[in-house]
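What follows is each chain in one-letter form.
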Amino acid sequence: MHSFGYRANALLTFAVTILALMCAMASVSDNFNTPTPSAQVQVLNINWFQKQPNGNDEVSMTMNISADLQSLFTWNTKQVFVFLAAEYETPKNSLNQISLWDGIIPSKEHAKFWIHTSNKYRFIDQGSNLRGKEYNLTMHWHVMPKTGKMFADKIVMPGYRLPQEYR
Amino acid sequence: MDWQGQKIAEQLMQIMLLAFTVIAFATGYLMASFQMMILIYAGGVVLTTLVTVPNWPFFNHHPLKWLDPSELEKHPKPQSSLNVNSKNKSVKK
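Note that the protein sequences, when read in sequence, are chains Y and B. The UniProt record's numbering numbers the first residue of the first sequence as 1 and each following residue consecutively. The UniProt record's numbering numbers the first residue of the second sequence as 1 and each following residue consecutively.
Keep in mind the hints are simulated off the structure, nothing from the lab. Errors might be hidden in some of the hints.
Ranges of calculated distance between the beta carbons of each label pair, as one might list FRET restraints [unchecked claim]: (1) B:77 with Y:3: 25 to 35 Å; (2) Y:150 with B:54: 50 to 60 Å; (3) Y:81 with B:39: 35 to 45 Å; (4) B:19 with Y:136: 22 to 32 Å; (5) Y:78 with B:12: 29 to 39 Å.
Glycine is no exception: its CB is placed at the ideal position from the N, C-alpha and C atoms.
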């Protein structure tokens with residue numbers, strides 16, 4: 001502490017160390033948040049349901065997707081990545097997970113939404129197992145923080161069924 | 001900056017930084033604003049730098065008092081005895 005440079009160095013070192021500690025505390029404070037998200041999806045129409053030339057089944061559907069994910073946001077949240085996946089079981093794979101739609105929610109104000117859309121990504125099976133198949137629609141989210149740990153979770157919505165016949 | 005000033009500067013630096021950390025974190029948490037936390041902390045670091053890094057007068061209130069030269073005569077430096085009894089031995093033939 002005997003010279004200007006020495007004192008400046010000591011201060012900045014201590015300041016940066018405390019900054020790291022403060023960011024760690026901000027990340028830890030996210031654990032005290034108890035989110036209560038809700039989501040609902042209606043499949044309005046099966047637009048298209050065909051077997052591809054290579055033998056895989058493909059589906060196109062129109063959905064209403066509504067969700068309230070505002071409780072996921074804390075002071076340390078930068079954005080929330082959310083995606084809707086169809087999940088089902090086949091003899092070949094115990095878990096098939098196909099992303100149908102995703103979005104990035106940049107702020108709490110945008111976290112309560114209702115959209116009407118076709119599936120953004122193609123719903124293609126690895127095989128020909130989709131006729132009459134019962135599946136879940138699962139909304140997954142990843143809470144991306146400004147600093148620290150990322151949280152991920154999901155809501156499973158069971159009870160959806162594809163038609164027995166191609167159309 | 002004297003010895004006492006250096007100690008005061010170091011302690012003041014640590015106290016101010018920790019205080020601003022608590023203020024910044026509490027404010028950021030209550031306002032749910034990470035940006036506000038960083039801004040308050042940055043302001044605190046700047047203020048602490050301005051207060052404790054330069055050699056301000058209040059860091060020079062306890063100068064080291066050197067002894068008066070007259071003290072030297074009252075307490076002379078102890079001298080080791082240099083009485084070495086050396087005889088010149090001469091051999092006469």
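Now the hints, each set against the structure:
1. B:77 with Y:3: 25 to 35 Å: 34 Å, holds
2. Y:150 with B:54: 50 to 60 Å: For residue 150 (chain Y) and residue 54 (chain B) the Cβ distance comes to about 43 Å; the hint is violated.
3. Y:81 with B:39: 35 to 45 Å: Violated, since residue 81 (chain Y) and residue 39 (chain B) (Cβ atoms, about 27 Å apart) do not stay within the stated range.
4. B:19 with Y:136: 22 to 32 Å: For residue 136 (chain Y) against residue 19 (chain B), whose Cβ atoms are near 52 Å apart, the range 22 to 32 Å is violated.
5. Y:78 with B:12: 29 to 39 Å: Given range 29 to 39 Å: holds, Cβ gap about 36 Å.
The structure shown violates the earlier hints numbered 2, 3 and 4.
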